[in-house]
Every structure is written in structure tokens, then in C-alpha cells.
Amino acid sequence: MMPSKKLLVSAVRKEQILKSLAQGKRVDNRGLLDYRPLTITPNIIDKAEGSALVKLGDTQVIAGVKIGVGTPFPDTPNEGILIVNAEILPTASEYQEPGPPDEDAIELARVVDRGIRESKMIDFTKLVIEPGKRVYTVYVDISVIGMDGNLFDASSYAAVVALLTTKYYPLINQNGTLVKGSEKVSLPVQDLGVSTTFAKVDNYIIVDPTWEEESIMEARLTIVYDKSGNICAVQKGGNGALLVDDVLNIIDLAKSKSEEMRKVLEGVISNA
Amino acid sequence: MSKLVVPGEIVAKGNFRSWVNVLKKGEEYLSLFVGRAEISGGRVRVIRLSGPYIPKVGDFVIGVVTDVQPLAATLDINSYVNGYILANAFFKRRIDPSKFDLSNKVNIGDLVAARVKKIERGKDIVLQPDQKWKVEGDAIFYISPAKAHYLYASRSRIPSKIKELTGAELRLGANGIVVVKGDLKKIEMVKRALDVIESTYNLNGLYNEIIKVLNKDGKSADN
Chain A
1 MMPSKKLLVS AVRKEQILKS LAQGKRVDNR GLLDYRPLTI TPNIIDKAEG
51 SALVKLGDTQ VIAGVKIGVG TPFPDTPNEG ILIVNAEILP TASEYQEPGP
101 PDEDAIELAR VVDRGIRESK MIDFTKLVIE PGKRVYTVYV DISVIGMDGN
151 LFDASSYAAV VALLTTKYYP LINQNGTLVK GSEKVSLPVQ DLGVSTTFAK
201 VDNYIIVDPT WEEESIMEAR LTIVYDKSGN ICAVQKGGNG ALLVDDVLNI
251 IDLAKSKSEE MRKVLEGVIS NA
Chain B
1 MSKLVVPGEI VAKGNFRSWV NVLKKGEEYL SLFVGRAEIS GGRVRVIRLS
51 GPYIPKVGDF VIGVVTDVQP LAATLDINSY VNGYILANAF FKRRIDPSKF
101 DLSNKVNIGD LVAARVKKIE RGKDIVLQPD QKWKVEGDAI FYISPAKAHY
151 LYASRSRIPS KIKELTGAEL RLGANGIVVV KGDLKKIEMV KRALDVIEST
201 YNLNGLYNEI IKVLNKDGKS ADN
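Protein sequences appear in the order of chains A and B.
Under my numbering, the first residue of the first sequence is numbered 1, with each subsequent residue one higher.
Under my numbering, the first residue of the second sequence is numbered 1, with each subsequent residue one higher.
Because the hints were derived from the structure by calculation, they are not lab data.
Since this is a predicted model, take the numbers as computed values, not measurements.
There could be a bad hint or two in this list.
[As the list claims (entries may be wrong)] Not the full set, but computed from the structure, chain A residues with beta-carbon under 10 Å of chain B:
(1) Arg13
(2) Lys19
(3) Tyr95
[What the hints assert, rightly or not] Lysine-lysine pairs mimicking DSBU-like chemistry, simulated, CA-CA at most 35 Å apart:
(4) Lys185/B with Lys25/A
(5) Lys56/B with Lys25/B
(6) Lys14/A with Lys3/B
(7) Lys191/B with Lys55/A
(8) Lys14/A with Lys163/B
(9) Lys212/B with Lys25/A
(10) Lys25/A with Lys3/B
(11) Lys105/B with Lys25/A
(12) Lys25/A with Lys92/B
(13) Lys19/A with Lys185/B
(14) Lys55/A with Lys25/B
(15) Lys19/A with Lys3/B
(16) Lys123/B with Lys14/A
(17) Lys19/A with Lys25/B
Yeah, the Cβ is synthetic: ideal placement off N, Cα and C, and Gly gets one too.
Next up, chain A with everything else stripped away, as it sits in the complex (with noise of 0.2 Å):
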């Protein structure tokens, strides 16, 4: 078996960037808060009901929505049920190993399902069939193709992209039994979660972290905010600690910096 690989950045590297820093710009000439150039192209595949490519950087995910039917949960009987797993495709990173999801790729699919289900996005209560009995299962399938950090806002943004552009056929109770519906119909959505994460690098909060920037900071914070300005996740990571200011600053940034990017999404839905 080939040795495994792990990104590591060099002791120069590290100083480049914090060099750059300290001057107020990143390596690659982006502000502290500014995110990398953003493209959403929605259905991009033909087979899934609902789908989106997100380019951010060198990031690249592809999210689908597949509509399924199944047996609701015993606790909330009347409503449907959401399913979000994520892949970082061995093809992402010469850094990334085949194999079944490891722990980042659990994370990441927690994080965006919180994201969604939180803001209360989709209205679950309307993707039931017969209470207590059949509901519409939400599938969402993250795979990551292209990996250079913040993978939490470019798999955030693919899934609610997709999710937005969902058409499917309902199944309509005919006499006992159910039938496909003739016209596809949308997801009920009433919110919309716009994600950001920030990264904490030798004092430096910075917004949408490259992988190289990842693996220096010291911790990382992720935050969901719903249309009205409520938080609705939130995701810490790193081994190193924030300061309660550090968390209270950050706040604030993603509060501007989730309606930025909620501008961006409408206009890519508005355009779908």
C-alpha cells in the first residue's frame, strides 16, 4: 500500500502568512474578510431533483437532493425527515485517502444538516403522506471534488442551493393508494441558513480560511444565521481556544458577512 500523505506547511510558508498578515492582506491578496471568488451553477445534474456546483477558490462541491419515501421517526410523527451525508472524494487532495467518510466528513455533514434543520429552512411538517405512517425523506448528498479549506460554507451553500432548485413529484392518496403526481412541485422552504465560518490565526480572525491557513490556526468558528439575524448553529474547531471577545467579534463579522453572502444566494436562486 502506498504511505499515506498529510498537508503540512512549512516553517517559511507559515511565516509568509503571517507576514501577510500583519500587513493586513492574505497570501493570495484577499483581505482579512473577504471571501474567495464564489460561483454557484445550480443543476448541474440531470438525475437528482434538486443539485449545485460551488466553486469557492479551489474549493468544488456538488451537492444533490434525491426525494424519498419512508417511515417517520417515532418522536415526530408528523414530519419529514432530512438526511445529509457528505464524501470528501479521494480525487479532492492528493492529501486524501479512499475509504469510508473519516471524521471530517462527519463533521462536515453534521454541520450543514444543523444548518439546515435549525433555521427551519424546510418545513417538515409538509412533507408528510399519512401521518405517523409515510413521509418524504430529504436526502442531501455532499461530495467534496475539490478540497482548499472552508469546506463548511462551500458544502453549506451547495446544499441549500440545491435544496432552494428541489422539483419533484408528489405522491397524491387516491382511494388507498398513492400516485405520482403530474406536476412537479417545489420544497416547502420558508428560511434560508447562510453559513460563514471564521478562522482565529495568530490573533487574526479571517473569513473563509484556505486549507494552508486551516492547518496554522488556532481554532476555527462556524455560524449559521437565519433570515431575521438569529443564530442557529454553531461549530467550533481547532485544538486551540477562542477568547470570549475573539467569539463576541465574530459574531458580529458573520452577521454582516452572512447577509453579504444571503445576497449572493438569492441572486443565484432568483437566476435558477
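Keeping the supplied structure of chain A fixed, place chain B upon it in accordance with the hints.
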């Protein structure tokens, strides 16, 4: 005559004396890489423009130390395999690991310049440290290994010209890692020259293009 080709594309038909980076199938020569095809003087070749670094014995590479064990250091050389350097090679003699500590020589995160000594399929490749193996600098840049290899292998005048026009110290590895030593202005100029290399596919006019960009940079900086 040159044109851009993709893998599998027919580069030429007929009989040629030599061919590089192409597969001969009957009378057809198919490209193995994305690159620029050149057909002249009875030979056909494709100059790779993208793809990972493929090590060759004798290549000069720059790697990042990712692990230090008593008997060897492992390096990330921006390729599909790691490289490793035996402790003996650093000390230039056979050593007793109980008496000599390799971590006194190299540490994780250090940059090391070395030559590819031995390649075995499915294993890490063996490297021989350069005379000046410790690489120090103020900035590190990555260019496409395919282009770096071409510049390096053809003993191009480009690296020395960049050094001359920017005043920066430069170490270029065939694996696409460029380490620059100099102040911020020099680093910016080198970056601009490297951007020219990255953005062009036609390597023929590259030398003059870089001179043009750097001369313009020098003048605008002076003003």
C-alpha cells in the same frame, strides 16, 4: 509547429525518430498529457502544462519535512509519493542512532533541497540532500510542476534572469516549489514573474515576456 493537446488526442501520424510524452500506436502518436505538442526534425513531443510532479532520478527538488525518525526524515515533495532522506545522508557517514539525533539536524516544517536518488514503485522515493540542503527564505510559491520541470530540465535562462532583474535569491525545485529570499518588493516582483509562467501555455516567448513584465515593474516601483 505547435498546438494544445489533451490526453488521447492524436498528435501526429507517420514515422518519427523519437517521441516524448506520447504513445505510439501503429502510425499514430497519441498525447499522454495535457500540453503543447511540438513536431519538428523527425521528432514529436508533448510539453506537459499541467499535472502532478512525476519524480525522475537526478531531479533537484525542494520538500517540506513532515516527520523525523531516528534513521530517516520524511518529506512532502508535492508529488504522489513522499520522499525520504536517510540520517546517514545528512551526517555524510554511517551513524549510530543511539548517539546521533537526527532532530538536531532537521525539524518538522523545515524546507530541504535534495536530489532524487532512487525510485521504487509503490514506495517512498529516496532523496540525497543537496550540498546546501537547508533552504531558507521569506516566501514560498507553487507553480505547476509540469512547467517547473520544463524550466528546470531545459536549463532555462529564466530563473537566472528573474534573479538578476529582481535582486531576490531564488531556489526552484523541479517539483514546482519556489523559495524566495528578499524584501517585500523583490518577493512581489518574483510573484509577478511566476504568475506570467503560470498563465501562459506558450513557453517560447516566455523569456522575453518575463523581462518585459519585470522591467515594467522595476520602472513603476522606481516612480
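Hints, one by one, checked against the model:
no.	hint	result
1	Arg13	holds, 5 Å
2	Lys19	holds, 8 Å
3	Tyr95	holds, 9 Å
4	Lys185/B with Lys25/A	holds, 15 Å
5	Lys56/B with Lys25/B	holds, 25 Å
6	Lys14/A with Lys3/B	violated, 39 Å
7	Lys191/B with Lys55/A	holds, 24 Å
8	Lys14/A with Lys163/B	holds, 23 Å
9	Lys212/B with Lys25/A	holds, 27 Å
10	Lys25/A with Lys3/B	violated, 39 Å
11	Lys105/B with Lys25/A	holds, 34 Å
12	Lys25/A with Lys92/B	violated, 43 Å
13	Lys19/A with Lys185/B	holds, 14 Å
14	Lys55/A with Lys25/B	violated, 38 Å
15	Lys19/A with Lys3/B	violated, 42 Å
16	Lys123/B with Lys14/A	holds, 29 Å
17	Lys19/A with Lys25/B	violated, 53 Å
Consistency note: the structure conflicts with the earlier hints numbered 6, 10, 12, 14, 15 and 17.
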